[in-house]
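Peer 1: Protein chains in written order, with numbering that gives the first Met the number 0: chain A, 0 to 241; chain B, 0 to 368.
For the record, the hints were derived by calculation from the structure and aren't laboratory data.
Where hints are given, some of them may not hold.
No more than 30 Å apart at the CA atoms, straight line, and that leaves these computed lysine-lysine pairs for DSSO-like [as the list claims (entries may be wrong)]:
hint : chain 1 : residue 1 : chain 2 : residue 2
1    : A       : K125      : A       : K47
2    : B       : K337      : A       : K136
3    : A       : K125      : A       : K175
4    : A       : K16       : A       : K175
5    : B       : K337      : A       : K47
6    : A       : K175      : B       : K337
7    : B       : K84       : B       : K116
8    : A       : K175      : A       : K47
9    : B       : K124      : B       : K84
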Amino acid sequence: MTDTQAPVGVERPRLHKTFPRFTLGQRWEHAILLLSFTVLLLTGLPQKYRAAWGHYVIPTPEALTTVRTIHRVAALVFALEAIYHLGRGIALLARRRLPMAIFPTWQDVRDAGGMLRYLLFLTERKPAFGRYNFEQKFTYWFLFFGFGIMIVTGFMLWFPVLFTGFLPGGIIPAAKLAHSTEAVAAGIFVVIWHFYHVHLERLNLSIFTGWLSESDMREYHALEHERLAQESSSSTPEGTSE
Amino acid sequence: MLTERPIARLTPPATLALAMTLLLVNPAFAQDRAPGRNPSQEECLNCHGDPQLATTLESGEALPLYISAEVFADSIHGLVGLECKACHGETPEVAHVAAPFVDRRQLSRHLYQTCSKCHADNYEKTLDSMHAQAAADGNLQAPICTDCHGAHDTLQPDQPRARISQTCGQCHTSIFEEYRESVHGDALIQQDNPDVPVCTDCHGVHNIHDPRTAQFRVASPELCAGCHADAQLMAKYGLSADVYNLYSLSWHGVDLTVYRANWPTIWHERAVCTDCHGVHDIRRTADSASRVNPANLLSTCQQCHPAAGPNWTGAWTGHNRISIERTPFLFYTEAFYKSFTPAVLWISGAYVVLQIVRGLVGRVRRSLR
Chain A
0 MTDTQAPVGV ERPRLHKTFP RFTLGQRWEH AILLLSFTVL LLTGLPQKYR AAWGHYVIPT
60 PEALTTVRTI HRVAALVFAL EAIYHLGRGI ALLARRRLPM AIFPTWQDVR DAGGMLRYLL
120 FLTERKPAFG RYNFEQKFTY WFLFFGFGIM IVTGFMLWFP VLFTGFLPGG IIPAAKLAHS
180 TEAVAAGIFV VIWHFYHVHL ERLNLSIFTG WLSESDMREY HALEHERLAQ ESSSSTPEGT
240 SE
Chain B
0 MLTERPIARL TPPATLALAM TLLLVNPAFA QDRAPGRNPS QEECLNCHGD PQLATTLESG
60 EALPLYISAE VFADSIHGLV GLECKACHGE TPEVAHVAAP FVDRRQLSRH LYQTCSKCHA
120 DNYEKTLDSM HAQAAADGNL QAPICTDCHG AHDTLQPDQP RARISQTCGQ CHTSIFEEYR
180 ESVHGDALIQ QDNPDVPVCT DCHGVHNIHD PRTAQFRVAS PELCAGCHAD AQLMAKYGLS
240 ADVYNLYSLS WHGVDLTVYR ANWPTIWHER AVCTDCHGVH DIRRTADSAS RVNPANLLST
300 CQQCHPAAGP NWTGAWTGHN RISIERTPFL FYTEAFYKSF TPAVLWISGA YVVLQIVRGL
360 VGRVRRSLR
């Protein structure tokens with residue numbers, strides 16, 4: 000936690016309190032995911048719709064080869080990032096240091112109900128959220144499984160002969176359907192849900208900067224803010240945690 | 000394009016020799032057959048009704064000059080009352096005076112152009128055909144009208160229908176043999192089936208084009224679809240009329256659609272109907288000799304997917320709609336993406352809309368306060 004009480008005589012760089020939210024590693028992970036996901040959509044959708052508008056993007060058979068190559072390079076980056084993310088999670092879990100804040104709890108269901116009541120004007124109070132609210136957890140887990148499906152089916156389509164060597168052939172057309180449909184579902188989800196929550200509802204750049212302002216913390220993560228405030232008041236005067 | 004052989008090809012001595020030959024055959028020739036006469040069929044047959052009438056061409060080839068009055072009378076032209084002069088002209092000086100042909104082929108290639116007098120459309124079409132191309136490239140055996148239709152014995156070309164394919168089979172013997180064994184050829188020749196394709200249904204009639212080009216390949220599934228997407232026709236034989244639509248949605252088919260729409264002249268290896276089913280030797284799927292019979296399917300796939308193993312054929316949905324029995328993986332995947340995922344997306348969308356409404360209302364309230 001960054002403290003606003005800077006030493007006397009030193010100019011204060013920021014007048015408002017900020018809270019660290021994402022580590023540098025997490026921010027890099029998001030950046031890699033964002034870039035590769037975009038490239039995958041841009042090179043994948045014209046292939047899916049190649050019999051319709053795709054040919055404006057892919058004007059020649061050679062361009063098709065190029066687009067497929069780019070798609071596969073981006074897919075490798077995407078898959079490596081996913082493997083790193085999962086591997087790191089497993090390593091942290093093994094050392095019993097995996098942060099549990101992202102996992103869904105019954106509280107999230109109650110929060111969703113509370114939020115729905117608020118949205119339907121049944122109450123004037125939004126529920127108070129913890130470190131990650133149920134919307135953010137939903138984003139994470141919908142994309143977690145969506146990306147999992149994309150990676151697995153994508154490699155099946157890339158190496159169908161290899162996969163049918165030990166799996167039934169029927170998985171290949173199923174993988175094609177899943178890859179092609181899930182891509183659109185994930186794309187729509189990111190645009191509607193994720194973009195609304197991080198760009199329109201409020202501009203939340205914490206995944207790039209790493210920190211969140213105190214007012215945002217109070218409004219959107221009240222419980223977490225309260226917890227951190229208690230922690231800092233009970234800790235030593237230097238009190239920089241995390 | 001065809002190039003007409005010049006008539007004045009013979010040297011003067013040769014012409015003289017021919018003229019002498021003709022005179023020797025029929026001494027009455029000189030006075031009676033002078034140019035400008037307008038002979039009736041009866042008059043022609045006075046001489047040409049003689050089965051012995053013949054001459055020898057410069058090449059040494061014998062040219063029979065006998066015309067059977069009965070055969071001609073039964074021919075399509077005889078039936079409509081045409082006479083010799085309709086084709087040979089009212090002044091048959093070519094035959095009777097100049098007679099300038101080295102061999103029978105040259106004679107045929109000259110005389111058949113007469114057909115264009117009445118059948119100009121079809122004649123023009125032949126000039127654009129693979130056969131005309133072969134002739135232009137120097138193959139004088141390439142067929143002309145009379146090779147397929149006959150000259151004096153022209154009949155309805157499609158009576159019976161098998162005649163069409165048999166006509167092509169006169170030259171394309173090995174392909175005809177393959178076709179005869181196929182499901183189409185067998186039905187045609189054994190049962191005179193009116194629905195199965197004969198050669199010309201796929202290849203065209205007079206303007207037959209090279210079927211080995213990229214354009215022909217990319218358009219070929221549509222040829223098959225002409226019958227196999229016809230629900231009424233397919234129902235008659237208990238066949239699915241979905242095959243073409245489902246093919247068009249398949250991996251092979253979508254790529255084909257792209258090539259046909261954008262790059263029809265670029266050769267592509269995407270599987271078309273004939274790559275798996277065969278071309279002239281198409282058989283029933285249940286026939287153990289069929290390339291797509293379950294017993295032979297893997298080796299058919301391996302033509303393009305050489306490393307494919309035994310499970311591979313399970314990836315092939317066989318132009319069938321998605322069903323729980325036949326394609327369970329596909330069935331459950333489709334069910335998932337038709338229910339769960341749209342539900343999640345609609346709920347997410349609705350939630351965001353509620354949030355937007357709530358946010359706007361909140362803002363308005365604050366500003367009014």
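Peer 1: So, for every hint listed, does it hold in this structure?
Peer 2: Quick rundown of the hints versus the structure:
1. With a CA separation close to 41 Å, the supplied pair K125(A) and K47(A) exceeds the 30 Å bound.
2. Our distance criterion of 30 Å between C-alpha atoms is met by K337(B) and K136(A), whose separation comes to about 24 Å.
3. With a CA separation close to 42 Å, the supplied pair K125(A) and K175(A) exceeds the 30 Å bound.
4. For a cut-off of 30 Å, the pair hint linking K16(A) to K175(A) is broken: about 49 Å separates their Cα positions.
5. Restraint check for K337(B) and K47(A): satisfied, since their Cα atoms lie roughly 18 Å apart, inside the 30 Å limit.
6. Only pairs whose Cα atoms come within 30 Å are accepted, and K175(A) paired with K337(B) is accepted, the gap being roughly 15 Å.
7. As the CA atoms of K84(B) and K116(B) are separated by approximately 12 Å, the hinted pair is consistent with the 30 Å bound.
8. Annotation: proposed proximity of K175(A) to K47(A) holds, straight-line Cα distance about 10 Å (limit 30 Å).
9. Among the hinted pairs, K124(B) with K84(B) is consistent with the structure: their alpha-carbon atoms are about 25 Å apart, no more than 30 Å.
Hints 1, 3, 4 from the list above are not met by this structure, while the remaining hints are.
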